[in-house]
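**Q** Place chain B on chain A using the hints.
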Amino acid sequence: MKKWIAVLLSVAMLFAFAACSEQTQPTDDEGTSANAENLTDGAAEDLSNSDIKVGFIFLHDENSTYDKNFIDAARAAQAALNLSDEQVLFKTNIPEGQECYEAAAELVDEGCDVVFADSFGHESYMIQAATEFPEVQFCHATGTRAHTEGLSNYHNAFASIYEGRYLAGIVAGMKLNEMIEAGEFTAEEAKMGYVGAFPYAEVISGYTSFYLGAKSVCPTVTMTVKYTSSWFDEALEKEAANALIQEGCKLISQHADSMGAPTACETAGVPNVSYNGSTASACPNTALVSSRVNWEPYFEYMINCVAKGEAIDADWCGSLQSGSVELSELNEGVVAEGTAEAVAEAKAKLEAGELHVFDTSTFTVDGETLTSYMADVDTDDAYTPDTEAISDGYFHESEYRSAPYFDIIIDGIDAPVEE
Amino acid sequence: MPNPTPAKREPLFHIVKRDALPLWKSILVRVVAILLALLVSAIVVVFVTDLNPLDVYKSMFDGAFGTSRKIWSTLQNTAILLCISLAVTPAFKMRFWNIGAEGQVMVGCLGTAACMILIGDKVPSPVLMLIMVVVSIACGTLWGVLPAIFKAYWNTNETLFTLMMNYVAIQLVSFFCTVWENPKGSATIGMINMSSKAGWFPSLFGQKYLLNILIVLVLTVGMYIYLKYNKHGYEIAVVGESQNTARYVGMNVKKIIIRTMALSGAICGVAGLLLVAGTDHTLTTSSAGGMGFTAIMVSWLAKFNPLLMILTSFLIVFLERGAGEIATDFRLNESIADILTGIILFFIIGCEFFVNYQIVFTKKRKEAAADA
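Residue numbers (my numbering), protein chains in the order written: chain A, 1 to 419; chain B, 1 to 372.
Since the hints were derived computationally from the structure, they do not count as laboratory data. All C-beta atoms, glycine included, are put in the ideal place defined by N, C-alpha and C. Any given hint might turn out to be false.
Below, simulated EDC-like cross-link-like pairs (lysine to aspartate or glutamate); rule was C-alpha separation at most 16 Å, straight line [what the hints assert, rightly or not]:
1. B:Lys70 with A:Glu99
2. B:Lys70 with A:Asp109
3. B:Lys17 with B:Glu352
4. B:Lys70 with A:Glu110
5. B:Lys58 with A:Glu110
6. A:Lys308 with A:Glu99
7. B:Lys197 with A:Glu132
8. B:Lys25 with B:Glu352
A few chain A residues that don't get close to chain B, going by computed Cβ distances all over 12 Å [unchecked claim]:
9. Pro95
10. Ala105
11. Ile127
12. Glu189
13. Tyr200
14. Glu234
15. Asn242
16. Glu354
17. Leu355
18. Tyr373
19. Asp386
20. Asp411
Label pairs and their in silico Cβ distance ranges [unchecked claim]:
21. B:Asn333 with A:Thr267: 26 to 36 Å
22. A:Glu399 with B:Leu217: 27 to 37 Å
23. A:Pro284 with B:Ser174: 35 to 45 Å
24. B:Leu311 with A:Glu399: 24 to 34 Å
25. A:Gln246 with B:Lys303: 29 to 39 Å
26. A:Asp51 with B:Ile71: 50 to 60 Å
27. A:Asn304 with B:Ile349: 46 to 56 Å
28. A:Asp51 with B:Ser174: 39 to 49 Å
29. A:Thr131 with B:Leu217: 27 to 37 Å
30. B:Leu12 with A:Gly269: 53 to 63 Å
The shape of chain A in the complex, shown without the other chains (with noise of 0.2 Å):
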């Protein structure tokens, strides 16, 4: 029992000294004084010198892949642009609720200059906030009405995340090739299995991508899909993906913020493609790769606006080229041979624009080949189609808002639709 205890004070003094260790920086010092020193440093971005102020608002906390993804870009951001603890604010755990209008209006309280806000859900919530700060911007990532909603200090932001994912197909469908040369099953039992949050176009157009990346290496491919209704929720994720496993799976990819599906994949030896950050330390025998938008480069240029009185995009849409959209380092032994190749060349010619991931002659919908899409891309109650997304052979995704927009369910593809 004493044991036990010791050991108890020990990791706690650990996480005591740990936490005091970050911590100690910037508290010793008021913030100006500490201000004024780093005034020597110098550097190009330099702003510790403005008092500018920074809000960040999280739907969890850094347990949650999507969030960590967030806040370590801001981390970044704080760090590339010399910014003190007291000019960045976080406020976690933030739900899609009530909470999170009256999380923004504090942060307003507090003195922040812009303030973001990091899930869907929040976006009606930071539009009040817009509404009435309208001395303050407000930005918002995933969200679909900063274009239309005629507010100039609400903005929205994204990146062509379906690039990344197409990549991560490739690597996917790679493995599969693998798999089905080692013998460990035919070419058309080859389906992989994918858990998505909600039935709604960002996950759509995230695993639609994710396919098509797969099948432009292995053809014979098929998808089973399975929502959780939920960003957020362990133990269904892994139930989703144990389940996708029982029902004949090979690899199984994910659109949720846990830890779930990837270990659910490490228990049962399964590859899995990641998102939001590399799982391959904690599942080295399965983890393959994973996609992830880093928010960094908005972050810069969000809080560099603001310092220097420019305005702020409505609507801004990362890519590959700005450094939006990143592929993690491939883990190499359990990718197969010459995914590398593979992958580097598909990524010259998707920022060449020699190839588009939604290339209508690379899918069919209910056995045809689309012609024409009236996507709904200017948010209204009815969710009225309103522009034509398909031209010069393919689906313009992310390009008329930054928010995806692609939503149908391709053939290849097993999803529940909703009624």
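**A** Coordinates of chain B only, in the frame set by chain A:
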């Protein structure tokens, strides 16, 4: 190892119920408890963050009173918590263990939201308001009366019944969040009638929360009078002390139980109305946010006195907001707020023990000393 014979051992101390403490003494105990609570939470914060505790207290105070918006927000939160506390009070005074306030508030929220979403743009504003009031009160009343009827006629366990009704209410809300989702696929409702503002409470004198606060103030005074000077209030007290006595003097106990729970539920319904139409303008499964349970504590701490509840609900809201501010100011996870609130409530509730009981240390006897 053989156990020593316990025969001659006496406990080190025993606990005795106190006679009523003089007022100043009982206040002193509570003040000491709050100070101790602040001290322990400061130690925790310093231990994990290496911060100056004075900064932490200042930040706590700023959280509740830092700006005029925050003051209004604090008052608003207090009003809602107070409203729910008022709702649970008559039932608890009657010794009816109603832990279903959370669910009663949720259905009140659901009723209000349903009106705003379904008929928000179809009827003129005053009519809509009237319908919202009626529907939210009806929903809350239904959720309160159901367990009461079962208790009165079949003597079911009201604690379990009301608790289960919470889950039913929350799942209903969860279901309708998906039915009315906006934007599509998100399973959240978002802000209701954002452009038309149909069904939103109007601002009074430029203060959007003032109407809520005034309504709750009126309810508070009303509840005080009801419990203290109305015949119903007396009946509630008698049933609470002894149902047999109540029956003996000819009170209709069944009727009193059902009537009182109807009142509890109705006020919870009003709280739901204030939350959705007056504050949040949305509906989520966390709309009531656990206040249905916190309210029980507020009510007990105030000894079921509605006027004292103003103080106790304010204290709890102040602590919660302060703890939240600490989390932001010092870049801690919001969970630290829950930890701090937990520590503080532990002391506040713990001190009630020392107000009601005292510890008497056993004097050592000679035999005991010889044993050792």
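**Q** All hints, please: hold or fail.
**A** Do the hints match the structure? See the list:
no., hint, verdict
1, B:Lys70 with A:Glu99, "holds, 14 Å"
2, B:Lys70 with A:Asp109, "holds, 8 Å"
3, B:Lys17 with B:Glu352, "holds, 12 Å"
4, B:Lys70 with A:Glu110, "holds, 11 Å"
5, B:Lys58 with A:Glu110, "holds, 14 Å"
6, A:Lys308 with A:Glu99, "violated, 30 Å"
7, B:Lys197 with A:Glu132, "holds, 14 Å"
8, B:Lys25 with B:Glu352, "holds, 12 Å"
9, Pro95, "violated, 6 Å"
10, Ala105, "violated, 6 Å"
11, Ile127, "violated, 7 Å"
12, Glu189, "holds, 31 Å"
13, Tyr200, "violated, 2 Å"
14, Glu234, "holds, 17 Å"
15, Asn242, "holds, 23 Å"
16, Glu354, "holds, 33 Å"
17, Leu355, "holds, 28 Å"
18, Tyr373, "holds, 17 Å"
19, Asp386, "holds, 14 Å"
20, Asp411, "holds, 21 Å"
21, B:Asn333 with A:Thr267: 26 to 36 Å, "holds, 29 Å"
22, A:Glu399 with B:Leu217: 27 to 37 Å, "violated, 55 Å"
23, A:Pro284 with B:Ser174: 35 to 45 Å, "holds, 38 Å"
24, B:Leu311 with A:Glu399: 24 to 34 Å, "violated, 59 Å"
25, A:Gln246 with B:Lys303: 29 to 39 Å, "violated, 58 Å"
26, A:Asp51 with B:Ile71: 50 to 60 Å, "violated, 25 Å"
27, A:Asn304 with B:Ile349: 46 to 56 Å, "holds, 50 Å"
28, A:Asp51 with B:Ser174: 39 to 49 Å, "holds, 44 Å"
29, A:Thr131 with B:Leu217: 27 to 37 Å, "holds, 29 Å"
30, B:Leu12 with A:Gly269: 53 to 63 Å, "holds, 58 Å"
Hints 6, 9, 10, 11, 13, 22, 24, 25, 26 from the earlier list are contradicted by this structure; the remaining hints agree with it.
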